[in-house]
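Peer 1: Spelled out from the first residue to the last, the chains are:
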Amino acid sequence: MNIGDTAPPFDLPATDGSTQGPGATPTAVAFTCNHCPYALAWHDRLLDVARDYSTRGVRVLFVNPNDAASHPRDSFDAMKERVEADGGWPAPYLRDETQEVARDFGARTTPDVFLLDEDGVLRYRGAPDADYDDPSLRATWLRDALDAVLEGRVPDRAETEPVGCSVKWAGG
Amino acid sequence: MREIKTGDDAERERFVGSPTIRIAGADVSPIQGEPVGLSCRIYRLRDGRISPTPDPADIRDAIRRSTE
Chain A
350 MNIGDTAPPF DLPATDGSTQ GPGATPTAVA FTCNHCPYAL AWHDRLLDVA RDYSTRGVRV
410 LFVNPNDAAS HPRDSFDAMK ERVEADGGWP APYLRDETQE VARDFGARTT PDVFLLDEDG
470 VLRYRGAPDA DYDDPSLRAT WLRDALDAVL EGRVPDRAET EPVGCSVKWA GG
Chain B
10 MREIKTGDDA ERERFVGSPT IRIAGADVSP IQGEPVGLSC RIYRLRDGRI SPTPDPADIR
70 DAIRRSTE
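Protein chains in written order, with the numbering used here: chain A, 350 to 521; chain B, 10 to 77.
In case anyone wonders, no lab produced these hints; they're calculated from the structure. Quick reminder that beta carbons are idealized off the backbone N, C-alpha and C, glycines included. Treat the hints with care, since some could be wrong.
Selected chain B positions facing chain A (in silico; Cβ < 10 Å) [claimed, not checked]: (1) PRO44; (2) ILE51; (3) PRO61.
Non-contacting residues of chain A with respect to chain B, defined by C-beta distances greater than 10 Å in every case (computed) [what the hints assert, rightly or not]: (4) THR374; (5) ARG431; (6) ALA434; (7) ALA497; (8) GLU500; (9) ALA519.
All chains, please: the whole structure from these sequences, using the hints.
Peer 2: Now the structure itself:
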């Protein structure tokens, strides 16, 4: 999927028993997982984005597409246990069991973040910020893009290189 | 440098994730209870942060131990 493309709609099961997908509000779809050190290093920053922007109508969807057969720590049960152990997350954690959503989006790594505007058009894709190892960056690339979308502007930085562990494809 | 390509490779080498750094056969940052397999490895730095690579101080200590 390229910047300016309309994202394919999806509905995926969440750890809380609901089914969720992008709606008619800006939505950040963050492909992530349980076991990747890059995803874990950026995780709190992405949770903060979910908290900080929820009052502005933004949704953040965490999507785990990894093959659980080869990586059991990414199973749906393991996802539920993680969220429960954390006392809940401010955003849903969705299971992409067939990996179809990750394929449709062209997700390459965990994390890999796709920001859709209220019409479902891709406005930003890439890493949350410049350095997984620097929490002070606060996912600023994503925040800058969100601010632009909320103001009806095109983000100055629409695409960055996703950084992280490769998505674990079934049979890969 | 040794590439672990398959689950069998991982089993044979008792490989618990990439990257694994061993000096004189000893893991520079040994971890208990980690399942063997083709996975990304999570390291905890000495200041508590999560990292995809070991703390440099752990590598230095492992080198020091190997030469004692």
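Peer 1: Against each hint, give a clear statement of whether it holds in the structure.
Peer 2: Okay, the hints, checked on the actual structure:
1. For PRO44(B), the suggested interface contact is upheld, since its CB lies about 8 Å from the closest CB of chain A, less than 10 Å.
2. Annotation: interface hint on ILE51(B) holds; nearest CB of chain A at approximately 5 Å, less than 10 Å.
3. Restraint check, PRO61(B) versus chain A: the minimum CB separation of about 4 Å is within 10 Å; hint holds.
4. The claim that THR374(A) is not at the interface with chain B holds, since no C-beta of that chain comes within 10 Å of its own (minimum 31 Å).
5. Every CB of chain B lies more than 10 Å from the CB of ARG431(A), the least distance being 13 Å, so the non-interface label holds.
6. Non-interface call for ALA434(A) relative to chain B: holds, since the shortest CB-CB distance, roughly 15 Å, exceeds 10 Å.
7. With a cut of 10 Å on Cβ distances, ALA497(A) stays outside the contact zone with chain B, its closest approach being about 30 Å.
8. With a cut of 10 Å on Cβ distances, GLU500(A) stays outside the contact zone with chain B, its closest approach being about 33 Å.
9. Chain B leaves ALA519(A) outside its interface by the beta-carbon criterion, the shortest separation being 13 Å against a cut-off of 10 Å.
Every hint, counting from the list given before, is met by this structure.
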